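If you read the protein sequences in the order shown, they are chains Z and C. For reference, each letter of the first sequence is one residue, going 1 to 558 in the numbering used here. For reference, each letter of the second sequence is one residue, going 559 to 730 in the numbering used here.
Each hint should be verified, as a subset may be incorrect.
[Stated by the list, open to error] Keeping only pairs whose Cα atoms sit at most 27 angstroms apart, straight-line, the calculated BS3-like set for lysine-lysine is: (1) Lys511/Z with Lys555/Z; (2) Lys598/C with Lys56/Z; (3) Lys543/Z with Lys511/Z; (4) Lys511/Z with Lys598/C.
By construction, these hints were calculated from the structure, which means they are not laboratory data. Please read all numbers here as calculations on a predicted model, not as lab measurements.
Spelled out, the chains give:
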Amino acid sequence: MKRQKRFEKLEKRPVHLDGFVKEWDDEGLVAMRSKNDPDASLKVENGVITELDGKKREDFDLIDQYIAEYGINIANAEKANAMSSQSIAKMLIDPNVSRSEVVKVTTALTPAKASDVINQLNFAEMIMAVQKMRPRRTPFTQAHITNTLDNPAEIAADGAEAALRGFPELETTTAVARYAPLNAISLMVGAQAGRPGVITQCSVEEAVELGLGMRGFTAYAETISVYGTDKVFTDGDDTPWSKGFLASCYASRGLKMRFSSGSGSEVLMGYTEGKSMLYLESRCIYITKASGVQGLQNGSVSCIGVPSAVPSGLREVLGENLMCMMMDLECASSNDQTFSHSDIRRTERMLGQFIAGTDYISSGYAGEENSDNTFAGSNMDVLDYDDYESMERDLAVNGGILPITEDQAIKIRKKAAKAVQAVFDGLGLPEITDEEVEAATYGSTSGDMPKRDMAQDIKAAQDLMDRGVTVSDIIKALDDHGIDDTAQAVFKLAQQKICGDYLQTSAIFDKDWNCISAINDNNDYMGPGTGYRVWEDEAQWNKIKNIPWALDPQKVDF
Amino acid sequence: MSEVDDLVAKIMSELNGNGGTATKTPTTDTASSEPNLTAKDFPLFRKHPDLVKAPSGKQLKTITFQDIVDGKVDSKELRIAPSTLRMQGKISAGAGRSQIQNNFQRAAELTGVPDDRLLEMYGALRPFRSSKQDLLDIADELANKYNAPICSNWFKEAATNYEKHQKLKGDN
């Protein structure tokens with residue numbers, strides 16, 4: 001065929017490197033409504049759910065059983081499920097109906113009914129609904145802090161910079177699994193050096209991760225995965241009862257946690273039962289609710305390549321975030337894993353959550369260059385900071401990331417790198433040299449760092465676990481080296497774990513260790529003039545307005 | 559529901575004493591002596607620091623930075639106490655989140671289980687790891703050794719459901 005020149009040019013655009021597929025209901029390659037999805041139904045007899053979404057109690061699988069037992073507010077269930085989906089959808093966007101009124105209805109719905117409610121909404125209505133339904137009034141976001149060499153000084157420096165830029169939660173993982181304790185410690189120290197009150201996690205295998213928390217190296221966890229079909233749940237090596245128990249294990253050690261789930265995971269793991277991504281995700285959300293976990297990281301998360309390939313896929317992703325909020329759960333709304341080569345689609349991906357505001361708009365904005373992101377790359381990274389901050393300024397939206405000056409960045413990075421240098425010395429870990437501190441201060445990637453002896457680090461990491469090192473030793477190490485403020489911050493974090501305030505829904509700390517959650521900062525949006533408005537949050541708005549690269553017209557010679 | 563759980567917990571606790579726990583619980587730390595809190599009492603750190611105690615019963619504010627630096631505080635002291643979890647549960651329920659309260663009540667019971675044993679118990683609930691009897695044995699252990707009746711029931715419930723849905727050892 002003789003090529004048409006415009007089509008030839010279009011095919012060279014980055015968007016053509018992305019994956020797009022047509023729907024296929026029987027394999028679950030459908031975003032919001034599959035022909036195999038059940039119709040909503042509910043029967044309650046003597047306070048027990050005997051029929052759920054087309055299944056009788058004797059036919060329940062393990063997930064149905066768990067949801068029926070614990071996940072639905074039964075007292076209000078018959079009344080709520082008798083309402084039309086359209087009327088519930090209208091409540092979601094009606095500014096005259098408060099969030100708490102809506103939650104009374106939505107927490108009593110069945111998973112299929114909640115899915116049907118989401119199906120009533122277009123994308124703009126979902127944004128309206130998310131603005132009202134996120135549990136915490138003030139939106140924030142979360143960063144990933146990793147590098148491909150697991151360099152501790154760089155983790156601390158990137159963590160401190162991200163903390164200063166406004167992220168209240170930071171998440172690391174490892175390139176080499178056995179680095180886990182070192183990465184966890186480096187990030188915690190860096191975060192407290194950057195801005196006291198920032199909490200940190202290290203995403204590794206479930207039992208290892210809990211072990212790190214028990215020693216006080218982390219403060220929260222979020223990669224506790226749940227799935228929407230019984231077969232995939234089992235393949236994920238858990239059951240609803242094991243995950244529910246794990247949730248209680250975390251709480252028993254004073255550690256905040258949220259579950260993680262997302263559309264597309266069942267497709268990738270091969271057992272969808274032919275159900276839509278939204279319906280399967282609804283089951284994950286209900287499992288979370290049933291477990292008494294305060295929140296959920298959802299919105300496809302690392303499976304974003306699947307929903308983003310099918311029609312209405314990114315609408316579905318915002319829809320599942322909204323459903324999480326309808327269940328009165330903290331929502332860390334994904335926008336993490338990279339999925340598109342197109343800068344336009346990268347922006348599209350986060351648009352709904354960014355404009356509406358969620359508890360954490362991203363649950364992993366790359367706080368390093370994407371080449372160093374060991375979560376396989378995020379939708380946005382540090383090199384997008386100035387674009388992101390410009391968008392916040394243009395639209396007067398609090399996206400949770402603040403501009404800082406180069407001078408501030410250098411200072412805080414050096415402070416954090418020196419703090420972790422002291423901790424490594426105090427704990428008898430392999431030395432972090434002054435050269436490394438300097439490189440972490442001024443560098444941007446692990447390529448800028450001197451190479452460490454990784455075999456020696458790994459050996460030391462194991463030894464540190466064997467010796468039973470805990471957070472007390474870290475406090476001592478910082479104090480011994482005269483790093484008082486960071487030592488105090490790590491101590492205050494340990495105090496908060498005794499107190500447990502931050503186990504409540506959507507909780508974070510400000511720089512003075514005030515715990516801000518959906519309880520004392522509950523979302524009171526009821527239309528214009530209410531809810532969170534960034535220009536009423538003056539300190540935040542002044543920082544967003546005053547991006548360092550804006551000219552001051554009064555000081556410009558014309 | 560929660561009051562029943564508290565009552566059961568208290569009776570079990572009295573029947574079994576407090577032996578064998580990792581986190582030593584003072585005898586005064588019973589659910590019935592705790593105040594009724596609501597969402598208005600949040601955050602405890604600012605509003606009721608006097609109610610928050612370390613596992614030994616020591617008041618939160620009396621655990622000082624200097625004590626830690628001087629090595630006078632066991633790291634087990636830097637943990638949440640069962641009474642605090644139950645208070646946080648009341649705050650959750652007061653904010654309309656009864657499932658979170660249920661979770662915190664389970665968690666309160668688990669504060670007494672040592673770290674390694676707790677990780678093993680979690681492992682036992684993973685699919686195809688345990689026979690029905692293994693799960694029932696842990697249920698007994700939770701009830702008798704750790705005064706954890708709610709968690710004991712959790713294991714019994716899992717045993718029944720795993721049998722029905724083929725998640726027991728050998729079912730795969």
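Here is how each hint holds up against the structure:
Note on Lys511/Z and Lys555/Z: the hinted pairing is violated, with a Cα-Cα distance of about 34 angstroms set against a maximum of 27 angstroms. Of the pairs offered as hints, the one joining Lys598/C and Lys56/Z is violated, with about 41 angstroms between alpha carbons and a cut-off of 27 angstroms exceeded. Note on Lys543/Z and Lys511/Z: the hinted pairing holds, with a Cα-Cα distance of about 16 angstroms set against a maximum of 27 angstroms. As the CA atoms of Lys511/Z and Lys598/C are separated by approximately 22 angstroms, the hinted pair is consistent with the 27 angstroms bound.
Hints 1, 2 from the list above are not met by this structure, while the remaining hints are.
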